[in-house]
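With the hints as extra help, turn the sequences into a complete structure.
Note that the protein sequences, when read in sequence, are chains A and B. The opening residue of the first sequence carries number 1 in this note's numbering; numbering runs sequentially from there. The opening residue of the second sequence carries number 1 in this note's numbering; numbering runs sequentially from there.
Please keep in mind that the hints were generated in silico from the structure rather than gathered at the bench. Glycine included, each C-beta is placed from N, C-alpha and C at the ideal position. Warning: the hint list may mix true and false statements.
Looking from chain A toward chain B, a few residues come up when the C-beta cut is under 10 angstroms (computed) [claimed, not checked]:
#, residue
1, Gly82
2, Pro159
3, Leu162
4, Leu204
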Amino acid sequence: MSATLEVHELGFALASGRALVAQVSFTVRPGETLVLLGRSGSGKTTTLKLINRLLEPTAGTVRVAGEPATAVAATQLRRRIGYVIQEIGLFPHFTVERNVALVPRLEGWPAARVAARVRDLLALVGLDPDAFRARYPHELSGGQRQRVGVARALGADPPLLLLDEPFGALDPITRAELQVEFRSLQARLDKGMVFVTHDVREGLALGTRIGLMQQGRLVFLGTPDEFRRSTHPEAVAFLAAAG
Amino acid sequence: MELARFYARHLPELLQLVGQHLYLVAVSTGVAVAIGVPLGILLTRRPAWRGPVLGLANLFQTIPSLALFGFLIPLPFIGGIGATTALVALVVYALLPIVRNTYTGIAGVDPAVREAGRGMGLTDWQLLTLVELPLGLGVVLAGIRVATVVSVGTATIAAAIGAGGLGVYIFRGVAMVNDTLIFAGALPAALIALAADGLLGLAERRLAWRAR
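As structure tokens, then:
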């Protein structure tokens, strides 16, 4: 099966010449979750934004489902890539239904298909469609909001999902709950995912592979088990911090 | 009492002046919205233009209104004696609050909402019309409200260059040292300002989205 995401020698340098990301290469297959782990400022979020072209790479190539990311307009590309951020960014003036329906509507789906899709997605993320459809984001708890954020990202059934510390702002209990549900979601969806976090426990629990980033470079790439045995100083530091 | 008798005797003239006044305010505010809102949006897309444009609009505000009306008289096309010159001056005054509030309203949208919108694949136009303008509308409308209310007051000075309006009574009253005459112009002007403020405030509450 072809890879959902192929990133090859990806780089991003500022006009001043300072490189924020350099020579990053990895592949994500359907059903696989690559966790990008690293300290703040290590280039994890920048790498995500280079994949969906919120930032334009200054070096290297990105292919999504076999097609070069630059083959279509950036807006077209992004509708095929789900994107979830820590702050969620639900549209506060849209109901839950309109938020989740955003990309299908942009893509011109017929209304009946959009409505059915919204119901399916809300049910998928564990929200009763009838109870939540007509609510506004400010009427939801943080955990519920993030569920809606995930449902919105899955809107038009993209093959690839980018998640930037999606559970970072939640309380520990809600966070643990959502992590468990995320695992069952992974098993059911068969999508390629890139999951950014600085929490090594979360990374080890959710990743099929771990990519460790340090100063803009991918310094380790392997399974969670390989990561636990790694002797790379940054990996050792992360494991020591997790206790 | 005296005022009531004055109005009873001069009703047709009063109505004409009120009409002229409303015309000056409505047309100038309309033109200022048509220029100012797009300009404010442009500033959110071209941050480098923000300083110069807002600075210039600010500068216009500092010119005393009577002086601005005077400066415009000798200019060709936009100047001269009459309503056109007055409209130009009123537009210049109304621009600042409208441009500034449009910019502030849009710039004040939560960056996470904007990033999520971009990340979902909204085009810049969709981001503007689906997200930024609806969320910033309250602030934009507040700017239009301020511009309108100020414009009602400034329009009284338009009478000095022959543009008519309720300022005619005020200037006449000042020249004749006649308080009734000054009141005859000032009272309806104040009522128009209050009505405009109330109506636009209502529009703001009805149209603008707000949390909670």
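Against the structure, the hints come out as follows:
no. : hint   : result
1   : Gly82  : holds (9 angstroms)
2   : Pro159 : violated (14 angstroms)
3   : Leu162 : holds (8 angstroms)
4   : Leu204 : violated (26 angstroms)
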